[in-house]
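Undergrad: Please take these sequences and the hints and turn them into a complete structure.
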Amino acid sequence: MPSDQHDSLLLRALRGESIKRRPVWMMRQAGRYLPEYRAIRATTDFLGLCRNPDLAAEVTIQPVDILGVDAAIIFSDILVIPEAMGMHLQMQQGKGGPQFPEPLRSSADLGKLSMGVTEDLTYVFDAIRETKRRLDGRVPVIGFAGAPLTLAAYMIEGGGSKTFNTFKSFLFAEPEVTHELLNMLAKELVSYLVGQAEAGANMLQLFDTWAGLLPEREYQEFGLRHASSVLSEVRRDLPDVPMLYFPKGVRSYEGVVESGASGFGIDWGTDLRRADQEIPKEFALQGNLDPAILLSSPEIIRERTLEMLGKIPSHRPYVANLGHGIDKETPVDHAQTFIQTVKEVPLSLSVS
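Under the working numbering, the first residue of the sequence shown is numbered 420, with each subsequent residue one higher.
Please note that the accuracy of each hint is not assured.
[Claimed, not checked] 25 angstroms max Cα-Cα, derived SDA-like pairs, lysine to any residue: (1) K531 to P517; (2) K762 to D746; (3) K587 to P517; (4) K587 to E502; (5) K762 to Y672; (6) K531 to D484; (7) K747 to D484; (8) K581 to G688; (9) K747 to G579; (10) K581 to D484; (11) K700 to G729.
The set of hints was computed from the structure by calculation and includes no laboratory data.
Just so it is clear, the structure is predicted and the values come from calculations on it, not from any experiment.
TA: Quick look at the structure:
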């Protein structure tokens, strides 16, 4: 584990150690709401930015300089894994989002995927190293990946979807093939996450964006089972690196606490008090302000942020964050209001 940030506010909070205030950062904090990001993005396409360690490091650090967040999450995308495995990835401007023009639709398609692709993702590791060099110990760096279920949803559906019915129907009709794909992804994800930590990432997060797509039974079988495989194997290799699991839209935390994660991201649709009650106190929580609140007014942002902070007992390891990624239309000063409000609240004002 990188030891340079052992005493940082974020890592002390995740370990449940004494702190004066809650740490805060935002999912998708390096992104289109920042004019500085848009200026760099105008010079290259999205994947080109991801693959350029110097530019990726620059946009990773922008929120640290502009907003004063307590961590820098590396600029990348969860879909670099399926792309490295051989799938053609297109990033569409506007509403199209990520697209796989040749989605997986059969067992034979799985045979076309490459394995052992970590060496093709060295640009991510190089970006982490460059980010660490530039930050020079100011804040810790967070690495991340998409969970097997979420990656499989994109790979089978062919892109984003409101329903993911193509993916879901495939899962129900071809459970063995689906498990085969999920096992393949899990194996690649372990190497990828370990590689990020070895490059200098101080914390890791596994995003299961589409955990809420499936009924509880199928989530346990296809989602949680394979996410747990990744988390537990990474933990065996990296016992001192905090790992957070973000199962967006999950209806119950039954079984989730046994996943191998050291903490959990809570989405904006879940009551933070309920999560605090259902998840044992030794686990960290992260979240969960609705990103849409940052589109309102500074007064409302401050009010709702204080309300969120008031739901978490002072003895609970906790990181303030949004309940999903920040919206691209968010005014920068509204994001600053959120960050500053968290910073102004001493831990002594939290509920006991």
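Undergrad: Between the alpha carbons of K762 and D746, is the straight-line distance 25 angstroms or under?
TA: Holds, at about 21 angstroms.
Undergrad: With the threshold set at 25 angstroms, check whether the alpha-carbon distance from K762 to Y672 stays at or below it.
TA: violated, 29 angstroms
Undergrad: Does D484 lie within 25 angstroms of K531 when you go C-alpha to C-alpha?
TA: Judged against 25 angstroms, a Cα distance of about 43 angstroms means the pair is violated.
Undergrad: K700 and G729 were given as a pair; does the straight-line alpha-carbon distance stay at or below 25 angstroms?
TA: The hint holds at about 16 angstroms.
Undergrad: For K747 and G579, compute the direct alpha-carbon distance and say whether it is at most 25 angstroms.
TA: Status holds; Cα separation ~17 angstroms.
Undergrad: Does K581 pair with D484 here, judged by a C-alpha cut-off of 25 angstroms?
TA: Answer violated: K581 to D484 is near 35 angstroms, above 25 angstroms.
Undergrad: Is the hinted pair K587 and E502 satisfied, with a Cα-Cα distance of at most 25 angstroms?
TA: Roughly 21 angstroms separates the two Cα atoms, so the pair holds.
Undergrad: Holds or violated: K747 with D484, Cα cutoff 25 angstroms?
TA: The given pair, whose Cα atoms are some 18 angstroms apart, holds under the 25 angstroms limit.
Undergrad: Decide if the proposed pair is consistent with the structure: K581 and G688, CA atoms, cutoff 25 angstroms inclusive.
TA: holds, 17 angstroms
Undergrad: Quickly compare the C-alpha distance for K531 and P517 to 25 angstroms and report which way the hint goes.
TA: Holds, at about 20 angstroms.
Undergrad: Holds or violated: K587 and P517, Cα atoms, limit 25 angstroms.
TA: holds, 18 angstroms
Checked against the numbered hints given earlier, this structure breaks hints 5, 6 and 10; the rest are met.
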